[in-house]
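Student: Got two chains here, separate frames each, mind docking them using the hints?
In order, the protein sequence lines correspond to chains A and B.
Okay, so the first sequence: first residue is 1 according to our numbering, each after it adds one.
Okay, so the second sequence: first residue is 174 according to our numbering, each after it adds one.
To be clear, the hints were calculated from the coordinates, so they are not data collected in a lab.
Accuracy of the hints is not assured; some may be wrong.
Unchecked claim - Covered stretches of chain B, as calculated for chain A (at least 3 residues, CB under 8 angstroms):
{"hint": "1", "stretch": "256 to 269"}
{"hint": "2", "stretch": "317 to 330"}
{"hint": "3", "stretch": "355 to 364"}
Ideal Cβ positions, reconstructed from N, Cα and C, are used throughout, including at glycine.
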Amino acid sequence: MLMVSAQAGDEADYRLLLSELAPAVAAYLRSRFGHHDFVEDCVQEVLMAVHEARHTYQPRRLFRPWLFSIVRHKAIDALRQQRRRQTLLEREWREQVVTASFPGTTNHENTLSSGRMIASLDAPYRDAITLTKIVGLSSAEAAAELHISEGALKVRVHRGIGRLKKLLEADRL
Amino acid sequence: MTSRDDLIASLSSDLAPVKPVGRVELWAYGWLLASAFYVVAIIHLMGPVRPEAIAQLTSQMRFLGEMLIGATAIVLLALGAFRSSVPGLSYWGISGAGIALMSVWIGLFLVGLEWPALEPSMSGKRHYCVIETFLYAVPPVLLAFFILRRFYPLNTTRIAATVCLAAGMLPALYMQIACMYIPAHILKFHVVPGLAVAALGAGLALLATRRSRNSRNNP
Numbered sequence: 001m002l003m004v005s006a007q008a009g010d011e012a013d014y015r016l017l018l019s020e021l022a023p024a025v026a027a028y029l030r031s032r033f034g035h036h037d038f039v040e041d042c043v044q045e046v047l048m049a050v051h052e053a054r055h056t057y058q059p060r061r062l063f064r065p066w067l068f069s070i071v072r073h074k075a076i077d078a079l080r081q082q083r084r085r086q087t088l089l090e091r092e093w094r095e096q097v098v099t100a101s102f103p104g105t106t107n108h109e110n111t112l113s114s115g116r117m118i119a120s121l122d123a124p125y126r127d128a129i130t131l132t133k134i135v136g137l138s139s140a141e142a143a144a145e146l147h148i149s150e151g152a153l154k155v156r157v158h159r160g161i162g163r164l165k166k167l168l169e170a171d172r173l
Numbered sequence: 174m175t176s177r178d179d180l181i182a183s184l185s186s187d188l189a190p191v192k193p194v195g196r197v198e199l200w201a202y203g204w205l206l207a208s209a210f211y212v213v214a215i216i217h218l219m220g221p222v223r224p225e226a227i228a229q230l231t232s233q234m235r236f237l238g239e240m241l242i243g244a245t246a247i248v249l250l251a252l253g254a255f256r257s258s259v260p261g262l263s264y265w266g267i268s269g270a271g272i273a274l275m276s277v278w279i280g281l282f283l284v285g286l287e288w289p290a291l292e293p294s295m296s297g298k299r300h301y302c303v304i305e306t307f308l309y310a311v312p313p314v315l316l317a318f319f320i321l322r323r324f325y326p327l328n329t330t331r332i333a334a335t336v337c338l339a340a341g342m343l344p345a346l347y348m349q350i351a352c353m354y355i356p357a358h359i360l361k362f363h364v365v366p367g368l369a370v371a372a373l374g375a376g377l378a379l380l381a382t383r384r385s386r387n388s389r390n391n392p
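Next comes chain B alone, as it looks inside the complex (with noise of 0.2 angstroms):
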């Protein structure tokens, strides 16, 4: 009996019976859901928004458009993080899509930096929006991952990557309307720690992906 035999034989005797894992889009916009509640939950908790923000965003059709293309890249990116982690599902559009999307988001602040969508102001600022827009988007990456755990990441480094940049900007996207409206300081405040939890992401992912190849190389 050759090894290749012999671990056929190990892997189907006492076979468990397994519940296949159903629609992972179903999983994903549950997560969406559910991150979507807490955040804007979690941000009118800790400190009021800005008065005049949903008027503007009635009033002003470029400034809706920022919250509507960013919501956007967030959920393709979710999306094509969580169809990636089960194989054989195809992602790449999904993924690309909400990179891009992403990118031109960021890229309308910069933009906004010469002609910003609205009148720049104070009002609405909140002292310590920095922190929590990366201490908020903690539990969402938490309940991704344990969530993405019971599929089967064959990338984790690029999923947890995407999965994180999604989780981050949940709450920069909010404090769109949370805190004040300055480029410069959404930027600086709101986006930066937003991608710094998809690089950390992507740096833990990657870190376990090299303890278990090592654990599994030197048992």
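Next up, chain A with everything else stripped away, as it sits in the complex (with noise of 0.2 angstroms):
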């Protein structure tokens, strides 16, 4: 058993142990709650608390029930957060002055009053149009965060841009 040997200090066996862990572990993740780019620090997590845990795992008892429960309870955790991160975006959009700059407008333009004209566009557009101009991720980010082509969010957040200029005109008149 490596994690036996893992216990009594073996380093060769350890790795080996992590190693083989790490992409069954994803798997397990990934088969649960899909591509999340989550999942890759949700495994990383999984690592570091075997390690921190380790000591707890008795041999004579299964080593799978003391490794999922570990599993479940990261997941559980990074999903949570996940969870976190969306309120505290869906807070900006009400409280945050805009202030990205978009081509063609003026400073008063760009300055959208606790973000009314994002969060009155539809879900798409708003969600691609936050990630990368407010939070600041790049478009490979924002669409692995929003489960989307590349090519498919720089189009939402160039009709996204499209629609707040028709929202800003209209505001002007």
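Tutor: Okay, here's the thing in structure tokens:
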């Protein structure tokens, strides 16, 4: 058993164990939650938890229940963090003054009080603009966050900005 | 090399051997024994116990039943809390049975408001039993936290609430013998402080969890 020799301090066995665990845990998480970008973070959290909890593994018990109770706990933690992040984003839509600069617009136009106009966009455009222009994610990161292709994200941002321009013009009239 | 590979390399380098924790149930029983001994000793040291209590235990079956149900609930709660601090050990059945028995125990005092197990009497009255119940639970709580830190408690708030409930109810249970028997008094001055210890423990654990999460997210 690799874990038993890891408890005894065998570095090579421990490295082998963690290397074998990581893809198995990643596959398990992907089968449960899809290809979220938090899966990799969660796998690394699990590896650290396995390291910190390795003294609690009892050799006469099965390894899988021990491991997967850690995995489940870390996955729930990651999901909670995701939800918290989402709530934060929604709050930003309502509270934050938009300072993103859009081509062809003046400073006055850039300041959309309380993100009211962005909040009024349809969800796909709102998400795309918030992630790229407010949160500051790259196109690839935002696309991964929204589970769409990078091309689709760019289209959404472009269309979202177009709609914002129309809203601004209507507001000025 | 990916960041995952880096992490695996750093975790496995200079790996220190660790001693497996052994049977967690033994720790639970050890904690229970030490805490029970301490609670009985301190209550006897701080004041006289109700003189007729031991005789009532042998002559009044319902009173004996109440004591046994309370004691069993505390044992199950402690066992469940200790088991749940080791990943992979089942604990829901034990903790669930402990909470159910604890509810029955408290329920018996509610029933006792109308039909008490013993003739209500002021005999054995302790003037500060509410404070005593609360304070005497503190050392068992601290000892439990100290022991549980050796393991790997995943859900710290739930574990803290459960072990604090067990610790809080230990003096509450012994006050059945040490203090006067009037169900309304027991509920107000023995049971409520025990529940308060559980709530306080859960609150502290929640705060500690949030602090450690914040410091991890904002190093």
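Student: Where does the structure disagree with the numbered hints, that is, which hint numbers, in rising order?
Tutor: Hint 3 alone not satisfied by this model.
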